[in-house]
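**Q** For the record, the sequence lines run as chains A and B. Sequential numbering of the first sequence, starting at 4, is according to my numbering. Sequential numbering of the second sequence, starting at 127, is according to my numbering.
Hints were generated in silico from the structure; no laboratory data involved. Mixed in with the good hints there might be a few duds.
To be verified - Each pair of labels, with its calculated beta carbon distance range:
#, chain 1, residue 1, chain 2, residue 2, range
1, A, Lys112, B, Tyr170, 52 to 58 angstroms
2, B, Pro160, A, Arg186, 28 to 34 angstroms
3, B, Asn158, A, Gln74, 38 to 44 angstroms
4, B, Lys215, A, Ile120, 22 to 28 angstroms
5, A, Asn145, B, Tyr205, 19 to 25 angstroms
Where is the CB? At the ideal position from N, CA and C, for every residue including glycine.
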Amino acid sequence: MNMFLRKLNTFLRNSQCSSFIKYRAFSSKVSETGSERDPAPLFFNEEIQNLLYTLTRVDLKKVFRPQRDGQQMEPPTYKFLTTRELEKAMKSAKRKAETRLQMPPVVKKRSEVTKIISTDPALESYDRCNYVFTDITYGISNYDRLIVVREPNGVLRHAKWDERHCLNQIYFPMPGREIIAPRMFEQEFLEDLLNRQEYDFVLNRACLQFEPNDPKYIEISEKVYSIVNEKQDFEILRSTRHYGPMLFYLAWNKNIDNLLLENIQTEKIEDAVLFTKLYHKINPTASSVDIAHEGDDIQYLREFVKSEAANKGKLEAAILSYKELEKERQSVAKGIQKAHGIE
Amino acid sequence: MPRMPLHPAVGTGKINPFAKKVIRFVRYGCTNRPFYHIVVMEAYKGQRQPPTEQLGSYDSRVNVHNERLVAFNFERIRYWLGRGAQPTKSVAELLGLAGFFPIHPRSYMTAWRHRRLNDKQAAQAKDAEEESKEASQTS
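The shape of chain B in the complex, shown without the other chains (with noise of 0.2 angstroms):
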């Protein structure tokens, strides 16, 4: 028995009607290897319980062609956005690089944040050679 069973994409059927729906990632693949399924369950649902449905799935490792490969079922995602089914940040901002939602103001700050640390690298970058040119000038 696998530690986390996997359970049908269609789900199990068993549905609470009155409940807070999310959409969500839960983590299936194993240590040091994550792979996300995209499901929609009840919002107090804990995260290793059986999934009203899945949605679709994200593999976060980066492939050999240098991409993240995330698949969206985007109808019943419609389907469930219109069940009033919340979706998480990080699978709105998934969503908001595919062009479904606009862009997650969280992915701006990502975004902003690396070209300020890539900014200071590189000027950090450019003085470390600087100085080591005028020492070996100096010498």
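Okay, chain A solo, but in the shape it has when bound (with noise of 0.2 angstroms):
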């Protein structure tokens, strides 16, 4: 019976939550929300995760750099392998570099909870301050938890996003996480963090502090892959769980001239072909879908600039130049393979 209770408890939040989708999408007026594409079912699927994944270029040692996180560092262990063990070990390290790596989640900004439960106007004045009655029983995750407010006027309602965070944080402290928010986050701070390039560490503060969902961490997040973008640090996030989401980030909003210059730059050419794939996915629509590549990556780069980037003179001219230096070394190697005559 309770735990039916329970089901049902969900049954009809999610019901209220879905019944509020489906009068956004049929409202005429453009709201906030409601005009947003919703990017978690495009983000969550395996093509476009593995696209991400193999994007990130895993650097094992990046991974597993001593991190500032206040732990305390512990002296490295040398150790003498065979190959067989040796290969177990950088086996093992990969499967933990990959949980190290799993990407925080792209989802759609939640809706507010207005739904109110019971109005009772004969219990008005009964006190002057909120009752807050949380659900503590065992085995509830934060997300599903009941939290329920009596208000002055009478009006019993589902607590608010904010309260809930409170709530959760009180009765059931999730370590690192605070009530609130730290002040890192406001303006003046995050911005002096974003001068000195510490994008990581404002990344994971982000999202140990707030939910996926709150439109405090997309509004964070965006603001970080935005002035990484600017500013071209892209090495900086890369080989690190926020690569993936950045990359999402710049396909999602077309804004991607400074990503493959830089990739065209730095002569990563896969990784520029294999972005392009990413953003057919994310952007079926666009008009460089039907672009065919023909085995030779530079030529179909220079087809899809032509038609998708805003810049196209700056990624023409990379693309130029890393052509010509290409040419240039294969000389050279043709040179000196002669000088060796095994020509």
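Both chains are given apart, each in its own frame, so use the hints to dock them into the complex.
**A** Okay, here's the thing in structure tokens:
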């Protein structure tokens, strides 16, 4: 019976949420959340996840670098290993890296909770304060927990998201998360951190402090991504768990110039091509979808840039210079081979 | 040794199956700072005796967000109600406000009395204002 009631609660909550979405979709007014597409189904698509993980380019040295997260660091241990043991150790390290690089989900902003359970005018001025009731039944997740508020005017309603955050943190504290958001997320301090290129630190802390569908988290992460994009500091985020969501954000907003430029300038042609694939998966109606890849990455990229990039001149120039460099290199290699008498 | 030892929330394991059970407050906290545990225990036992099980907590002091915080373990409350435990009036009132029980009659009484008091005070304040106005006009 208990189980049934709990299930019923969840069902009611969920059905309430879905009705929200329905009405939003039908409303003719352009609202902030209603007009947006939902990125979640695309982000959790297996192919896109694989692409994002490949593009992260796992560098074990970077994944397991000493992190300044307040934990005591242990001195490294050196071991003699046979080849088979080394392979095993590398395998386990790779598996560990995979868990460490699990990407924070990209989802839509949550909608405000407005559900009123009952209105009882006879209870008006029972007290001057709100009564907040939390169900602390064992084994319920923070997301599904029933939290209700009785207001001084006699209205009984579901708690709002910020109230839920507070109460969940009071009764079921999560280590590292704070009830009041740390001041580093305020404008001036955040700006200072971003000037010092502490992107990874900011994003990690935001992940811990906020839920992924929290408007605050989305705002902060998007701000960091846009600044990384502006300054072309992709190398700092590469091989961290935030690289995938950043690529997703860039492709989603069709802001691809800087990334492609960086990829071409640092000779990551394969990455650039994979990124165009990701771009087509996320924007299936883009005009460049029809461009066929005929074995030549550079030619394909040139055509892609022609139809999609906003700043075509810069990218074309980069591609040309890459081509020339490649030619030069080939001629040098040929010369060396000739000198060695291999040809 | 604290004046009132904290018992494990799951209870002491000693249950008298034949005794009448109540769901009640137990005052923890300290002088001038009340904090209540909501527990189920045998009716004949005193407040300071080890409870059968803790079912929640109630912080009667209003916090910075103008809230009083109540926590209930509804699953266990259902269980103990099924076993015939009787909530005390104050606990029943809270359960009523939470929407778990029907609203307790005493809650309605309190609300009604507060409203009457508020109306009276508002009327008095209005009268006092008018009097002061008249006094200023005559002088």
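**Q** Return the numbers of the hints above that this structure violates; sort them in rising order.
**A** none
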